[in-house]
Amino acid sequence: MRLRLDKPWKPLTSEEATRLPGQLGVYQVADATGTILFIGQAGARSPFGLRSELQREFAERGTGCQFRVEVNQQYRSRWFELLMLHKADHGALPADNAKNPPPNLGRLSPA
Amino acid sequence: MDFEPSEEQQMLIDQVRRFVREEIIPLEAKLDPDASELEPDDHTRLVEKTKAMGLFGIDIPKEYGGPDIDLVTRVLLAIEMAQHRAGLYVPCYGTFGGAGLAQIFEANDDQKERYLYPTLRGEKKTFFGLTEPSGGSDPARAIQTRAERKDNGWVLNGAKIFISNADRAHYGIVFARTDASKGRAGITCFIIDTDTPGFHVRRVVHTLRSSHYATEIEFKDCWVSDHQVLGEVNKGFAVANDRLTRQRIPYAAGCIGVAIAAHEMAIEWAKMRSTFGDKLANRQAVQWMLVDNEIDIRTARHFTLEAAEKARRGLPFRVEAGIAKLTASEGGGRVVDRAMQIHGGMGMTKDLPLERWYREMRIRRVGEGPSEVQRMVIAREILGSNLR
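Just so you know, the sequences run in chain order L and U.
Note that our numbering has the first sequence beginning at 5, numbered continuously upward.
Note that our numbering has the second sequence beginning at 1375, numbered continuously upward.
Since the hints were made in silico from the structure, they are not lab data.
None of the values given here were measured: they were computed from a predicted structure.
Note that the Cβ used here is the ideal one computed from N, Cα and C, for glycine as well.
Certain hints may be false.
What the hints assert, rightly or not - Label-pair ranges, simulated between beta-carbon atoms:
(1) ASP1415/U with GLY68/L: 27 to 37 Å
(2) GLY68/L with LYS1404/U: 52 to 62 Å
(3) GLU1522/U with SER56/L: 53 to 63 Å
(4) LYS1404/U with GLU19/L: 25 to 35 Å
(5) LEU109/L with GLY1439/U: 26 to 36 Å
Stated by the list, open to error - If you only want the chain U side, here are some residues facing chain L, beta carbon under 7 Å, derived:
(6) SER1538
(7) ARG1542
(8) VAL1578
(9) SER1585
For reference, chain L alone in the conformation it holds in the complex (with noise of 0.2 Å):
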């Protein structure tokens, strides 16, 4: 498995959103240019998990935003793991997740 989700970005839409498959997962949220905005996972309380998600995403921001999704079992780990990658990369937490940041979250130096 890639340590970075590094797919590449669709457009966050109202359509592109219903096309995802209602599985658990993880995903990444960014602005027009690339900045990751929000990491987010899609769990078991998820009704429809990764399309839920996606589709309350564009709901609350609108237009303009991009998306890439991971569909993974291990969807709280690999949450875990892509925030700590991300600060590790970039040295914090992307915005809307540095408003209500885990608790205890650890600290990768990868390789």
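Could you slot chain U onto chain L? The hints should help.
Same frame as chain L, now just chain U:
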């Protein structure tokens, strides 16, 4: 041996059972099914409660401020603490305190001040660094991390894998080879601060236990002073062995707790669910599964309490701890599997805790010494030799 709880033990059991049912399970219902942590405010509030109950730091010896509860009673309580969704690996979400494998009671006075006491107070977090990419079941031979003398200290180079909490810890205890010619007599235990230059947490290791991850760590010219040696040079294997043997008893207790919870769910479901015009509980196929569950649980409980009783009395308990770990992890896995079978489709969903227990219980047959190693330990005893 009679393992029926005394009146005093039963009072404590009831107290912890109430805590799990009234405090933990309702909070858990609001969390992600794979969550391993409570919200910080809830955690703080519940720690205050366990302190008020006089049960905080339950595994800490009395001389270090623990509540002075004997090992048999602690096992009985550990069985209760595990009876919720996250209970196998994070019983009661850590609200009863303790530092598990990394409690360093053999530390010198200076190390106790710097590490042990802050850990017991809950101010410092630790990790236990033993397993390496070259293997975990035979640490005496598999340890390739080296520590070499330099500038009145030691330089560590190497890697460890499947290390829990290394990314969040303030320090860890790490085993490294200090004399390559001496096998298990050439291993030393070090206390490593995680901000030491040359200490790196390289990656997350994802496992079946998706609620929590392990890490891979690397030591790259990581220099520590002599003050960081825990115990004596070249006597670290005994430190590891002591931890692993002792840990097998609470490890077994957790498996039993989850098995009991799964079994109780299966009994309730079997009494409630009808198929083809009759309750599941009236079908022999289901009855026999429930009977096998009962036998697995009682067997594991007996052997685990026997191991705890021997340890409590200061008798050798290595073999008993191995039998406890073996029967509880293997039996517990079977119980959860049968409970899922009885629940049918619902047993496979994240709506119920069974699927999480199934995944996590599978790890228990490998973690802290796989079943095969436990059998080796027991076989050595039976055959009166070390079989080497």
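Here's how the hints hold up against the structure:
1. ASP1415/U with GLY68/L: 27 to 37 Å: holds, 35 Å
2. GLY68/L with LYS1404/U: 52 to 62 Å: violated, 33 Å
3. GLU1522/U with SER56/L: 53 to 63 Å: At 55 Å between Cβs, range holds.
4. LYS1404/U with GLU19/L: 25 to 35 Å: About 33 Å separates the Cβ atoms of LYS1404/U and GLU19/L, which means 25 to 35 Å holds.
5. LEU109/L with GLY1439/U: 26 to 36 Å: holds, 29 Å
6. SER1538: Because about 11 Å separates SER1538/U from the closest Cβ in chain L, which is outside the 7 Å limit, the hint is violated.
7. ARG1542: Constraint on ARG1542/U satisfied, holds at 4 Å.
8. VAL1578: holds, 4 Å
9. SER1585: Constraint on SER1585/U satisfied, holds at 6 Å.
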